[in-house]
Structure formats: structure tokens, C-alpha cells
Amino acid sequence: MTKKTSATADKKADESAKSTSPSASAAINRQLTNEARIDLFRTMMRIRRFEERSLRAYQAKKIGGFLHLYIGQEAVAVACCSLMGKDDHVITAYRDHGHAIAVGMGLNELMAELYGKATGCSKGKGGSMHYFAPDRNYWGGHGIVGGQVPLGAGLAYALKYKGLKGAAMAFMGDGAVNQGAVHEAYNLASLWQLPVVFVIENNGYSMGTSQSRSSAGELAKRAEGYNMAWGTCDGHDVYDVRAVMDKFLRLAREESKPAVVEVRTYRYRGHSVADPDNTYRAKAEIEEYRRTKDPLLVFQNMLTTEGALDEAQIEKIDQAARAEADAAAEFAEASPFPTPDDIQKDVYWEADNPSERKSQGRLFFD
Amino acid sequence: MPVISYREAIRHALAEELERDANVVVLGEEVAQFNGAYKVTEGLLAKFGPKRIVDTPISEAGFIGMGVGASMLGIRPVMELMFWSFYSVAFDQILNNAANVRYMSGGLINCPIVIRGPANGGTNVGATHSHTPENVLANHPGVKVVVPSTPADAKGLLKSAIRDNDPVFFLENTILYGDKGEVPEGEHIVPLGKADIKRAGTDLTIVTYGRCVLHSLAAADLLQKEHDVSVEVVDLRTIRPLDIDTVLASVAKTHRVLVVEEQKPFASVGSQLAFMIQREAFDELDAPIHRLCTVDAPAIYSPPVEAEQLPNPQRILKAALEVMA
Ligand SMILES: Cc1ncc(C[n+]2csc(CCOP(=O)(O)OP(=O)(O)O)c2C)c(N)n1
Ligand SMILES: [Mg+2]
Chain G
0 MTKKTSATAD KKADESAKST SPSASAAINR QLTNEARIDL FRTMMRIRRF EERSLRAYQA
60 KKIGGFLHLY IGQEAVAVAC CSLMGKDDHV ITAYRDHGHA IAVGMGLNEL MAELYGKATG
120 CSKGKGGSMH YFAPDRNYWG GHGIVGGQVP LGAGLAYALK YKGLKGAAMA FMGDGAVNQG
180 AVHEAYNLAS LWQLPVVFVI ENNGYSMGTS QSRSSAGELA KRAEGYNMAW GTCDGHDVYD
240 VRAVMDKFLR LAREESKPAV VEVRTYRYRG HSVADPDNTY RAKAEIEEYR RTKDPLLVFQ
300 NMLTTEGALD EAQIEKIDQA ARAEADAAAE FAEASPFPTP DDIQKDVYWE ADNPSERKSQ
360 GRLFFD
Chain D
0 MPVISYREAI RHALAEELER DANVVVLGEE VAQFNGAYKV TEGLLAKFGP KRIVDTPISE
60 AGFIGMGVGA SMLGIRPVME LMFWSFYSVA FDQILNNAAN VRYMSGGLIN CPIVIRGPAN
120 GGTNVGATHS HTPENVLANH PGVKVVVPST PADAKGLLKS AIRDNDPVFF LENTILYGDK
180 GEVPEGEHIV PLGKADIKRA GTDLTIVTYG RCVLHSLAAA DLLQKEHDVS VEVVDLRTIR
240 PLDIDTVLAS VAKTHRVLVV EEQKPFASVG SQLAFMIQRE AFDELDAPIH RLCTVDAPAI
300 YSPPVEAEQL PNPQRILKAA LEVMA
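Heads up: the protein sequence lines correspond to chains G and D, in order.
Residue 365 is where the first sequence ends in numbering that gives the first Met the number 0, and the numbering goes up by one at each step.
Residue 324 is where the second sequence ends in numbering that gives the first Met the number 0, and the numbering goes up by one at each step.
Treat the hints as calculated values from the structure; they're not laboratory data.
Be aware that a few hints might be false.
Claimed, not checked - Take a look, some chain G residues computed to stay more than 10 Å from chain D by CB distance: (1) R29; (2) A35; (3) L250; (4) T291; (5) T338; (6) W348.
Stated by the list, open to error - Here chain D is said to cover these stretches of chain G; the calculated rule only asks that three of the stretch's residues, wherever they fall, bring their Cβ under 8 Å from a Cβ of chain D: (7) 51 to 65; (8) 140 to 153; (9) 168 to 179; (10) 199 to 213; (11) 279 to 287.
What you are looking at is a predicted structure, and each value in this text was computed from that prediction instead of being measured.
Don't be surprised by glycine CBs; every beta carbon is placed ideally from N, CA and C.
Given only the sequences and the hints, what does the whole structure look like? Please build it.
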């Protein structure tokens with residue numbers, strides 16, 4: 000098997016990146032066609048190339064505010080979202096680009112949002128941390144650490160209330176688990192048996208703080224205190240994430256039971272692109288992960304071993320992802336900014352739907 | 000006098016107070032090993048060690064509440080909020096516990112806690128990260144609220160805040176952190192509740208605070224040069240206690256007032272000022288009191304549009320000319 004393909008051209012591929020998964024034989028993975036497997040790989044590649052392109056745009060000062068990259072964690076969102084049925088829903092924090100692409104949002108509207116353009120998915124109002132696509136059951140994109148987690152329980156509450164057999168996935172980081180709102184949501188979910196899976200994307204760090212400096216005990220095991228099921232999985236391995244998440248999503252959909260799943264993953268870039276990332280972890284640690292655990296590399300090796308992919312196809316997928324990301328940047332560049340008149344739109348439903356307004360009095364002040 | 004940045008001025012105040020009083024402790028997210036999300040606390044861990052400079056988990060309700068509790072027993076915690084925007088997570092601790100415990104105990108208890116961090120828009124971080132809660136905080140009797148605009152004020156006010164026996168909420172600005180100015184070395188104290196005339200003038204009083212002071216000074220230059228209007232800029236520095244006397248003295252001189260604030264308009268600091276000015280100095284006024292705020296909506300992300308949502312020299316100039324018309 001050749002390792003040196005374009006998917007790994009920006010780093011040194013290594014024999015030690017695993018090429019088989021103990022979870023490949025799980026039923027949920029066995030049933031995947033080759034085309035479906037390639038699709039998973041393609042989505043991961045599109046996330047990677049989109050974010051690399053957005054980083055360049057940030058460096059060129061096309062993007063303001065924060066940019067939290069998901070690079071290194073792609074397998075998690077792609078695997079989880081690949082399990083979504085029509086009544087399954089997703090909510091996450093500010094590191095939200097991967098989930099957005101995994102639920103099927105287009106790169107154009109996502110890039111345009113980063114550029115602050117009116118053609119962005121939130122019309123330039125939300126920025127990188129606030130992507131939303133309710134039509135794809137994607138409820139954001141939230142900037143306050145832990146704040147989205149009760150909302151995830153709320154999505155599950157609504158599903159149960161309406162009698163729908165779906166599940167909500169509420170993603171959070173390893174730092175977010177220490178927010179009070181998260182614990183309150185855990186308790187509510189268990190007390191009321193809500194169909195929600197709390198997914199902890201444990202990338203080892205919350206900003207510059209390692210897990211051991213911020214959290215007492217095992218993260219997912221806290222579920223036991225709330226009498227909830229829990230599990231862990233390898234976030235570098237799409238098959239493993241799918242196998243474990245499938246189990247808990249079924250529990251949620253079929254028995255309306257909540258669970259906590261801790262996904263072990265790693266981010267390769269700084270916390271945000273403003274983080275010089277030179278104080279709290281060793282360069283060698285990052286390199287080791289990139290060399291041996293990069294989810295794209297790992298999955299590519301698995302697919303090559305399975306015979307589902309060859310080098311020419313990988314190259315094609317990579318080139319297409321790069322071209323798509325470049326085109327998205329061109330689209331964003333060419334799009335108009337919102338105008339100052341847009342500032343006060345989208346604040347109140349009633350103000351945006353004046354013919355249906357029922358309240359009286361002034362809504363806005365100066 | 001040494002010229003240092005606003006960030007360094009705050010750091011010097013922290014270091015000097017840590018040195019002076021063994022009960023002063025700095026706690027917050029990333030304040031120690033990471034040297035601060037905005038590098039305000041850089042070097043403090045190395046100098047004072049892990050007992051005095053403490054990294055916390057992302058648990059604002061927990062660690063702010065802990066600070067309030069510790070202050071009841073005589074510790075003087077200086078807590079960093081990475082952004083004041085995250086105060087809402089700790090709202091109960093700040094506004095039920097810190098603000099009320101003295102009253103509810105009939106004066107038996109006091110909370111010498113300082114909570115500090117940036118509170119500003121203008122860096123395109125969107126609606127959740129751009130709150131300016133000085134009005135919300137100041138609405139609560141029992142607390143003090145400080146918003147410094149210059150390095151010298153930042154240092155002198157923070158030293159006062161740390162020595163104060165009431166809870167003091169200290170609102171900084173990420174855009175000002177790099178700004179430089181002359182700052183006295185060592186014991187430089189600015190008392191809480193004392194406004195400062197940042198520019199003297201005769202035709203119009205601009206009452207403002209925080210970064211809007213700088214915008215107002217820029218607008219005042221333009222007004223002088225292009226419109227021959229002489230503007231007096233009053234920097235409140237402290238929102239509560241409020242130095243209304245300095246404001247009224249200026250109004251008595253100019254007879255026209257514009258309040259400029261990076262605040263949403265409804266029940267803002269300016270609302271309170273306008274009420275007090277009309278009540279105390281109605282006969283002095285030659286024109287209605289005017290106010291320039293942030294455009295009334297959550298903070299927009301789009302970088303060029305956010306600049307128009309916030310007060311800026313051009314918007315201030317326009318509002319000032321309306322008062323002068
Ligand atoms: C309530 C709150 N406190 C602090 C922050 C600042 N902040 C943003 S992300 C972050 C670290 C979160 O780490 P983690 O939950 O592990 O997620 P990751 O960034 O690793 O994806 C912090 C402290 C915030 N946005 N909200
Ligand atoms: Mg993390």
C-alpha cells in the first residue's frame with residue numbers, strides 16, 4: 000500500500016497509522032456500500048480543505064473575530080451525522096464547521112458567513128461560531144461554553160413530546176463538562192428519560208488547559224451519577240464512532256433513554272487561530288497524533304486496505320475538495336456585505352412579519 | 000513617567016496589590032499557565048506562584064461563587080472573566096450573592112471581591128461575546144462598577160477596586176489592551192467615583208466612559224476643526240458610584256449635553272444620566288439632552304457592519320451636530 004497520497008501530502012504518512020478497525024465489522028458499518036464509505040471519506044476531506052482554505056482567508060484578513068478549526072476531529076462529526084435519520088437533530092458549540100458540512104450545508108454559504116457576507120448561512124450576522132441549518136436539523140453553533148447542552152435536552156424533549164422516534168445529539172468539549180448547565184441538563188434528561196445523546200468531543204484541551212488540570216474524574220463516567228448509560232470511543236476512527244454512537248442513538252430513539260458518549264479525539268491547530276499554541280503542549284505530541292492518528296489518514300488507509308479506494312480516487316476526491324473550497328472563497332469574496340439597515344432585521348419575529356404583528360408599542364430604541 | 004500599555008497597567012496594579020496584601024488572590028480561566036487569554040496576567044504565575052495565581056475550570060458560576068464565599072472570610076479575590084459576556088453564566092452569584100449578602104445580613108458581612116475582564120464589541124466576536132453589562136450591574140445597589148479608558152486610570156482604579164470593601168466589577172476592553180499612555184509608577188491611586196475631564200471645552204459636554212472616550216476625543220477634534228464647536232469630554236471612569244457633580248458642573252458651563260456609550264439604549268447608563276441632568280439642571284439646558292448608543296440589536300458579526308453598529312467618531316460627530324443645531 001502506498002502512503003504518500005495527496006490526502007496526506009501536507010504531513011508525513013506513517014506505517015503506524017492504523018489500517019484496520021475493530022469496529023469495521025459492526026453491523027452498522029458492515030452494511031455500508033463502498034460508495035457510502037467513500038462518501039464519508041469525501042465529507043471528511045471537504046471539511047479539512049474548507050477549513051484550510053478558511054485559515055488562509057483569515058490570514059488574509061478576510062475574516063474577523065474567532066476561527067476555531069476542527070482539523071483533526073473530522074471523523075467525529077462525520078460519523079455521528081452519518082447516522083442521522085429524518086427525526087434526529089444536532090447541536091454543538093462554536094467549533095461548528097465540521098458538523099455543518101457533515102449535515103450537508105454548502106461550502107458557499109458557510110464560507111460567505113465567515114466573510115461576513117449577506118449570502119452567508121446566517122446573513123453575516125453570526126460568523127464562524129454561529130452556523131445554523133434548521134432545515135437540516137442543525138441547531139448551531141453556540142458561543143457560550145456549555146450553553147448549547149440544555150438546548151440539546153430541549154430538542155429531545157420536543158421530540159418526545161411530539162411522539163417522534165428521533166434522537167438529539169448534543170456535542171460539547173472536554174472543558175464544557177464542568178459547566179453547571181451541563182449537569183442540570185444531564186439530570187433533566189435522565190429524570191425525564193429524554194432521547195438525547197450527550198457527545199463529549201474530548202480533544203484533550205480546553206484552550207490551554209489539559210483535561211487533567213480542569214476535570215476531576217472520568218468525563219463520561221459522570222453519567223453514572225445521573226443513572227445514565229455511557230460509553231467511550233476512538234474519535235480517530237470513523238467506524239468506531241459509528242458503532243458506539245449507533246448503539247446509544249438506538250437506545251434514545253427506541254427506548255427514549257439518554258446517554259453520555261466520550262469521543263477521544265485531538266485538535267491539530269490552536270484553540271482558535273489566534274492561539275500561538277506554544278505553551279501548553281509539546282510540538283512532538285501534535286506531530287505524533289498527526290503521524291499516527293489523523294482521521295483522514297487512518298480512514299484512507301482502512302479504505303485502501305479494504306479495496307474500496309485507490310490512490311487515483313483519493314487524489315480526485317482531494318482535488319475536488321480543494322476546488323470546491325476555492326470556489327466557496329471566490330463566492331464569498333464576490334458576495335455583498337449586509338448593510339447597516341440589516342442590523343435591526345432578524346431581531347423580532349414580529350418586526351420581520353409586520354402584517355402578523357399582534358403586540359403594540361415600540362420594539363426598538365435609539 | 001513611564002509609558003506602558005493598558006494591559007501592562009492592569010498587570011502592574013495586580014502585581015503591586017498581590018505584593019502588598021497576602022490575601023489578594025487572582026483566579027480565572029487561563030490566567031496562570033497560559034498567562035491570560037489576553038495576556039493581562041502574563042508573568043504573574045512565575046512571580047507569585049500557584050497559590051496566588053490560579054487557573055479555574057470553565058465553571059463561572061462555581062468559581063465566581065467561590066470567590067464571593069471566600070471574600071466573606073476575608074480573602075480578596077480578583078477574579079478574571081475571560082469576557083464579561085460570560086457573567087450571565089454566573090449571574091446568580093454576582094447579583095444575588097455578591098450584591099445582596101451585606102444587606103440581607105443587616106451589614107454583618109461584606110464582600111471585597113473584584114471581578115474583572117473585557118466587556119466590549121468591535122472585534123467581530125458576535126452577539127454572545129460582545130455584551131457591555133455596566134448598566135445591568137449598576138442597577139444593583141451594593142455593587143460598584145468601573146470602566147477605565149486609559150492606562151493610568153486602569154491602574155489607579157484597579158488598585159482602588161482591590162482595596163475596596165464592596166464588590167467591584169471592573170470592565171476592561173480588548174481593543175484598549177494595547178493602547179499606551181503615561182502611568183505613574185508605584186502607589187498611583189484613582190479613587191472610585193471620580194470623573195475626569197479628558198478635554199475642556201465650552202459649547203458642548205460629551206459625557207462618556209470606556210473606549211467611547213477615545214472616540215469622543217477624536218470627534219471633539221473634528222468638531223473643533225471643522226465646525227468650530229468646543230467640546231468638553233467628561234470621562235465618568237466609574238459608573239457606580241457616579242460623579243454626577245462633575246457632570247452637572249460641565250453642563251452649567253456648556254448648556255448642551257451628548258451622552259455617548261457603547262450600550263444598548265434601553266435603560267442604559269445614559270438613561271440614568273439624562274434623568275439626573277434634567278432633574279438637577281433643567282434650567283441650564285439650551286437643547287434636549289441627546290444620546291448616542293450602539294444600534295439597538297444584538298451584536299452583528301459582519302466586520303464592516305459592526306463598526307457602524309457601535310459608536311464611532313463619525314456617528315458621534317453627527318449626533319453632536321444635532322445637539323448644536
Ligand atoms: C461560559 C464561557 N466561558 C468561557 C468561554 C471561553 N472559551 C471558549 S472555548 C473555551 C474552551 C472550551 O474547551 P472545550 O470545551 O474542551 O472545547 P474545545 O475548544 O476543545 O472544542 C473557552 C474557555 C466561553 N466561550 N464561554
Ligand atoms: Mg477540548
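Taking the hints in turn, this is what the structure says about them:
no. : hint       : verdict
1   : R29        : 40 Å, holds
2   : A35        : 36 Å, holds
3   : L250       : 28 Å, holds
4   : T291       : 27 Å, holds
5   : T338       : 7 Å, violated
6   : W348       : 14 Å, holds
7   : 51 to 65   : holds (count 3)
8   : 140 to 153 : holds (count 6)
9   : 168 to 179 : holds (count 5)
10  : 199 to 213 : holds (count 6)
11  : 279 to 287 : violated (count 1)
Against the hints set out earlier in the document, violations occur for numbers 5 and 11.
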